[in-house]
Amino acid sequence: MVLQATTAGIVDTALWAGVVVAVLVLALLAVILFLQAFHAARAARHRRIRDRWRPLILSSLCGNTESVPPVDQRNAVPVIRLWSHYRKSIRGKSANELDDLARRAGFVEIARGLLDNRNIRLQLLAIETLGTLSDRGSWDRLNDLMSSSDPYLSMAAAQALLRIDSRKAIRRVMRQAGNRTDWIPDAIMGMLEESGPEVVSSALPDAIREASDELRPTVLQYLKTAERERVYPALTVALEIQPDDPEVLAACLQVIGDVAIPEGLGLVRQNSDHERWFVRLRACSALARIGTADDVPAVISRLSDSEYWIRYRAAEGLADMPSVSETRLLEIKETLADRYGRDMLTQVIAEKRAQGTRADDAEEALSREGVA
Amino acid sequence: MKELIELIHPVEWFFLTYFACLGGVYLLLNFLSVFRVHRYMNERSAQLVDARSTGLQPPVTVIVPAHNEAETIVTSVQSLLQLEYGEYEVVVVNDGSTDVTLEKLVRAFQLVPFPEVYHVQMPTEPVRQIYRSATHPNLRVIDKENGGKADALNAGINNARYPLVCTIDADSILQRNSLRRVVQPFMEDRSTVAVGGNVRVANGCTVEDGFVTDVGLPRNPLALVQIIEYLRDFLFARLGWSQLNSLFVISGAFGCFKRNILVEHGGFRTDTVGEDMEMVVRLHRRLRLSGEKYRVTHVPDPICWSEVPEDLRSLKNQRARWQRGLSEALTMNFGLFLNRKGGLLSWFGFPFKVLFEWLGPIVEISGYAYMIGGLVFGWVRPEIAIVFFAIAVGVGTLLSVGALLLEEMSFRIYGSRNEILALSAVAVLESFGYRQMITVFRLVGLVQWALSRPRSWGETRRSGQWQKAA
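Quick mapping for you: the protein sequence lines, in order, are chains Y and L. The first sequence begins at 1336 in the working numbering and counts up by one. The second sequence begins at 12 in the working numbering and counts up by one.
Hints in this document: simulated from the structure, not taken from any laboratory. You may find that some hints are simply not true.
In silico negatives: residues of chain Y with every beta carbon more than 12 Å from chain L [to be verified]:
(1) Arg1385
(2) Arg1416
(3) Ala1595
(4) Ser1658
(5) Ser1660
(6) Thr1670
(7) Arg1677
Computed cross-link-like contacts, DSS-like style, restricted to lysine-lysine with a CA-CA straight-line distance of at most 30 Å [said to hold, decoys possible]:
(8) L:Lys269 <-> Y:Lys1687
(9) L:Lys115 <-> Y:Lys1559
(10) Y:Lys1423 <-> Y:Lys1503
(11) L:Lys304 <-> L:Lys352
(12) Y:Lys1559 <-> Y:Lys1423
(13) Y:Lys1668 <-> Y:Lys1687
(14) Y:Lys1687 <-> L:Lys352
(15) Y:Lys1668 <-> Y:Lys1559
(16) Y:Lys1559 <-> Y:Lys1503
Which chain L residues face chain Y? A few, computed with CB under 10 Å, are given here [claimed, not checked]:
(17) Phe125
(18) Pro134
(19) Pro137
(20) Val226
(21) Gly227
(22) Pro320
(23) Glu321
Glycine included, every Cβ here is placed at the ideal spot set by N, Cα and C.
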């Protein structure tokens, strides 16, 4: 009897659960239809807003400064997004005209108001707008946001600060870049390129010193955006701090090769037969890039390396060295005892020829069109 | 009789509990996926400096295994060569095609034989020739003896130059920004080893020059219902698993891996029909049990479109194959089951897969048969049957409608009122027959695996109509 009573209770509960599920399904369907109607209405409203503001924006690009209608709070976001869309793709005088339009329309005040919005997307829009308009009044707030635990908010704030005053912001941005593992290196690189080599060079030695051991190799890559003559001294800072770290060494060698720093040749030569393969790889690439005729034998020796990728880079590098002609490459190939090295040279020689054919074809096409 | 009824009760409770747990876990996964989608939509808004030319965006090798794809291969490759990404290459692997796949490629892209070194990091069927394009320096074609999809992928990996490899199907339709989206997780978190791209249903869409230009609903009812199925099972459920770092599969239609990880762990197995799932489960097993920090994740953006079966036979073959693939992946990596080093994956994810997806068809069909038979022959009380169907069908409907709601809150691919109405109706009706039919197909696959039928993909009819027109 107890069993029957318990069973009946459970069955009743389960039946009610079934009813609840059915009600939930109907409720969700209603929400779906409501959302669809809401989004359709919002899309129509945004289209109307864009149709009103697009001619204004386009005419301001041509310097026609008409009076700017007030932007009410409800329509502010789509207007700012539209403005931002055009602003991203232009530079120079037209950009200044657009910025002027934005200031007259009150974008700065609206964006400042959005900085504390709970919606991250609106915060990001606000940060981007204030950075583009170089609003110094938001400096402190943006500085706080750079310490946000959200990596996208903090990176966006860093970008905005660099746009407002790159010299003032660069040290703090670089300190963050050297210690935050959640910042995307590619995005930082883009920001530094935008800031310019002079600004970057002023901050990088300290940034390398203050970076965490884990991120120091990444920070070293940012040297590619610095002034060329300041690169090697900055590299030596890293090597003094972590002289035995193969990751740091490989990063240094990569920068030396990519930026073509002749002062680094000694370091490259020293490490061309390093025990770690990725260090040898970077050294080999760098040697091929900045090496002299005296370094050709060292690069040739890498054709017999145990690592496939080093053999490939060595072959590519040899083919790119000014002192090595195609005839010389063929001679090297004939005299090479290592079969794998010979195969690799065969491939690279064919690649060079193919590149040459494409370049000739392109030149011929240009000459036919009367461009060359 | 009374004793018999009391004996039957445990059976009823077993089926009720089973379906309740199944539905409950999927509801949890959908709930978790909401957070992931919300965060993702926020990150997408971040208009950071376009990183295409900074040199730190990792270059990618896109590998396209092709077997008898003459109808569509040229258009597919043409669209791949137009992706918006800094540095990437396309490697097509002609896996012993018996039609004119290679000839069409040679003609369309001016391929010439190239003395390229074939770097054997994993054994494959013999490579006959490597070709390079005279017009597209970032296109190569490997012509090899037939060895199956996994073997073709391994050949592509052997030949890949770049640190990330994307594996796609020859008939996958990517978007111009697909590579950027799928690479993003690798840049955000260095421990990421594999990323799945979200696959959507291409049927009913307009495709021009290999890209989807207009999204639409298919007229074919089977394809239509698969839209809801893909939303529920392949998008939001996978996002939920991804939040728990327990994602079990990265679709062969579009996935991205670190090349060195694939090579270190032996590449794709050639003795399974589910090489995509087996690879991911194996990565989980090896990396987790060795204590390495890693992440396998899923990008919720619709970045890959694929044609789904529109006839029952093709659908049956596909789902039976998936079930065989699941069976093989789980049994080949059973060391992950309840392993003390395996964490949540071993103690929740893997047991769930075993109990509810691998053995699920047996239990589910038994449950339906028992309840329906019980109603007819009187050994099941009507109220128990109502509860059972409320759970089995009701929770399934709730999940489908919930997935449609999440889609409407996030990507809104299907924007018109009529499309939403149609999908809403399908979301409700899906659990009344279609899901049960799929369960039967899965059971077929399970039986095939158990009887160790020869591993083949079976016939899947693809129309590829839009690709022909291009």
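These are the hints, each one checked on the structure:
1. Annotated as non-interface, Y:Arg1385 keeps its C-beta farther than 12 Å from every C-beta of chain L; the closest such distance is 17 Å.
2. Remark: the non-interface label on Y:Arg1416 conflicts with the geometry, its nearest Cβ contact in chain L lying 10 Å away (cut-off 12 Å).
3. For Y:Ala1595, the condition that its CB be more than 12 Å from all CB atoms of chain L holds, with the nearest at approximately 14 Å.
4. Distance check for Y:Ser1658 against chain L: the nearest CB is about 24 Å away, which clears 12 Å, and the non-interface claim stands.
5. Every CB of chain L is more than 12 Å from the CB of Y:Ser1660 (nearest about 20 Å), matching its label as outside the interface.
6. With a closest Cβ-Cβ approach of about 19 Å to chain L, Y:Thr1670 is found to remain outside the 12 Å limit, as its non-interface label requires.
7. Distance to chain L contradicts Y:Arg1677 as a non-interface residue, since its nearest Cβ pair spans about 10 Å, not more than 12 Å.
8. The hinted pair formed by L:Lys269 and Y:Lys1687 meets the criterion: a straight-line CA distance of about 28 Å does not exceed 30 Å.
9. For a cut-off of 30 Å, the pair hint linking L:Lys115 to Y:Lys1559 is broken: about 43 Å separates their Cα positions.
10. A threshold of 30 Å between alpha carbons decides the hint, and for Y:Lys1423 with Y:Lys1503 the separation of about 24 Å falls inside it, so the pair holds.
11. With a CA separation close to 13 Å, the supplied pair L:Lys304 and L:Lys352 stays within the 30 Å bound.
12. Of the supplied pair hints, the one linking Y:Lys1559 and Y:Lys1423 holds, its CA atoms being roughly 24 Å apart against a limit of 30 Å.
13. A threshold of 30 Å between alpha carbons decides the hint, and for Y:Lys1668 with Y:Lys1687 the separation of about 15 Å falls inside it, so the pair holds.
14. The hinted pair formed by Y:Lys1687 and L:Lys352 fails the criterion: a straight-line CA distance of about 51 Å is larger than 30 Å.
15. Taking the CA atoms of Y:Lys1668 and Y:Lys1559, the gap is near 34 Å; set against the 30 Å cutoff, the hint is violated.
16. Simply put, Y:Lys1559 and Y:Lys1503 have alpha-carbon atoms about 21 Å apart, close enough for the 30 Å limit, and the pair holds.
17. Satisfaction of the interface hint for L:Phe125 is found here, the shortest Cβ-Cβ separation to chain Y being roughly 6 Å, below the 10 Å cut-off.
18. With its C-beta approaching chain Y no nearer than about 16 Å, L:Pro134 sits outside the 10 Å limit, and its interface hint is violated.
19. For L:Pro137, the shortest C-beta to C-beta distance to chain Y is roughly 16 Å, which exceeds 10 Å, and the interface hint is violated.
20. Given hint, L:Val226 at the interface with chain Y, is violated; its Cβ is 15 Å from that chain's nearest Cβ, farther than 10 Å.
21. With its C-beta approaching chain Y no nearer than about 16 Å, L:Gly227 sits outside the 10 Å limit, and its interface hint is violated.
22. Using the Cβ-Cβ criterion of 10 Å, the hint placing L:Pro320 at the interface with chain Y is not satisfied: the shortest such distance is roughly 27 Å.
23. At a threshold of 10 Å, the smallest CB-CB gap from L:Glu321 to chain Y is about 26 Å, leaving the interface hint violated.
Hint compliance for this structure: hints 2, 7, 9, 14, 15, 18, 19, 20, 21, 22, 23 are not met, and every other hint is.
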